[in-house]
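There are 2 protein chains.
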Amino acid sequence: MSSQHPSIKENWFTELSDEHFPGQGFSLKVERILHHSRSDFQDVLVFESSKYGNVLVLDGIIQCAERDEFAYQEMIAHVPLFAHGNPKNVLVIGGGDGGVIREVVKHDCVEKVTLVEIDKTVIDLSRKFLPGMSCALDHPKVKINLCDGFQFLRDVAHAAIDEKYDVIITDSSDPEGPAEAFFQTEYFELLKAALNPSGIVIAQASENVWLNIDYLRRLMRIAHSVFQKADYCYTTVPTYTSGQLGLIICSDDCRLSITKPQRHPSKREQDALKYYNPEIHHASFILPTWAARLINDRNANE
Amino acid sequence: MSSQHPSIKENWFTELSDEHFPGQGFSLKVERILHHSRSDFQDVLVFESSKYGNVLVLDGIIQCAERDEFAYQEMIAHVPLFAHGNPKNVLVIGGGDGGVIREVVKHDCVEKVTLVEIDKTVIDLSRKFLPGMSCALDHPKVKINLCDGFQFLRDVAHAAIDEKYDVIITDSSDPEGPAEAFFQTEYFELLKAALNPSGIVIAQASENVWLNIDYLRRLMRIAHSVFQKADYCYTTVPTYTSGQLGLIICSDDCRLSITKPQRHPSKREQDALKYYNPEIHHASFILPTWAARLINDRNANE
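From first to last, the protein sequence lines are chains F and L. Note that this note's numbering gives residue 220 to position 220 of the first sequence, counting from 1, and the numbers run on in steps of one. Note that this note's numbering gives residue 8 to position 8 of the second sequence, counting from 1, and the numbers run on in steps of one.
Fair warning: there could be bad hints in the mix.
[What the hints assert, rightly or not] Examples of chain L residues lying across from chain F (beta carbon under 7 Å, computed):
no.	residue
1	Ser17
2	Leu28
3	Trp210
4	Asn212
5	Tyr215
6	Pro238
7	Trp290
[Said to hold, decoys possible] Computed list of lysine to aspartate or glutamate pairs in EDC-like fashion (alpha-carbon distance at most 16 Å, straight line):
no.	chain 1	residue 1	chain 2	residue 2
8	F	Lys128	F	Glu186
9	F	Lys29	L	Glu15
10	F	Lys29	L	Asp43
11	F	Lys260	L	Glu279
Calculated directly from the structure, the hints in this document are not laboratory data. C-beta atoms are modelled at their ideal positions from N, C-alpha and C, and glycine is treated no differently.
Same shape as in the complex, but just chain F (with noise of 0.2 Å):
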């Protein structure tokens, strides 16, 4: 196998940002590289690990490895789904590898799910490569769009898609390059004006609490100035950086508890789920103390 990217080097693909995550870095041994190309939005590679199957790349950063994407999928899909109600509309707004599609549609109340990813070459290296994660991209209930997901909320919000969503997932990139805008207030105020009235959001939060626990406190910030509730919690993934990524959910009804489910799983929805079920839904919300003072601090000084 020639190395054929810039971040392998005899055949270990490794992981490294100066600005996201300085002095620290994963590797994960690379059996062969499956695909790597420049696409209209991002750098794009898919390579065969060793011991966690077939690995998605974009600008660098690992998005997802077959063995534990479930992890992630799973908890950014069920905490917001069975939080809510009855969840009928949903809209996921990147994520075009498949994986929160995948979940989204194991829930029987769910009607329909709109994915909205920007980059086509995500979706079809997806079908390719993640045949495990896209395999729902075709079920009768999904819909894609094929363009911006921030251009997708404001015609949403002036009404040249009239359409309102019950849970609305943000399973972007990282906060740079083609998802730089899904991290500010703008984008937290169209999802808010995209949700009917009882709805949840959930967005990826790029970051955890012990890498850049001050971006989260902003960010967590920007959640509270546009939504009545906001909360922090997380799932582990031992291919993200650190271990573990932090997830931000949402909603502008009081009376709603998001920290514990609304409904529980059926069996038959439990026996689909590998990672989530309603005890570990409401441990994810609890944090080392040092991160839950920091973060749930809503007067502090920065």
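Following the hints, position chain L against chain F.
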């Protein structure tokens, strides 16, 4: 800085193990090597990292980094100490860096702590390079025994040492090298023999659910074969493989609910803690569905 250690290349330390976590690696940027030697028992490295403070490495495996060590020390110490109603006499096996000791002496009810460490080099280096961890090694409640933990427990079992313990904490290195015997049935039997009737023992499991869950199942089966109660919990530590480490906690007191604290920290005690709180005590026992099923399934064939 010259690269004086086989795990350091171009100023990056990389933790690799074909045996224990093949196909993945974690790297920390090295500012300078502070110490490298071969003690009577193991290869010992201390380096200053760029973002995680000083780091202690034994036989190529990261033992602790100043920035995140509290996540491990607090959980392995306070989960059993708060699960116990009134711990007075505490034994710590391994942990010559002093981090666990520092946490144990925060409990006003604890009257005596015995530290059993086989490798004096670890204690000496911690005093020199990890002052925030070794700070309690000279605490008046602390007694240090420089000997093999296994032999120490045998002496207790054979009444050569006339003492029993309320809480025993096994803060060993991984099950190769000097700590190999700490992961076998006989060790758990010796732990049991050294406990007071309502005593609690906790041991670092050297693995986590994402790495070698079969090994954890075997370890849990050993624990269940010796103790009335055995449970698995974990703590998140970014410099440990896959970002988390498992802990196995056991007791012969059937009335005890070790997954919840019997005592709550006083305000003064809680103010001294950065990671542990009563909510995270319980949450640390909640596992993803697939892991809970495998770890708690005592009848599974292998």
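Hint check:
no.	hint	result
1	Ser17	12 Å, violated
2	Leu28	6 Å, holds
3	Trp210	5 Å, holds
4	Asn212	11 Å, violated
5	Tyr215	15 Å, violated
6	Pro238	4 Å, holds
7	Trp290	4 Å, holds
8	F/Lys128 with F/Glu186	35 Å, violated
9	F/Lys29 with L/Glu15	13 Å, holds
10	F/Lys29 with L/Asp43	25 Å, violated
11	F/Lys260 with L/Glu279	14 Å, holds
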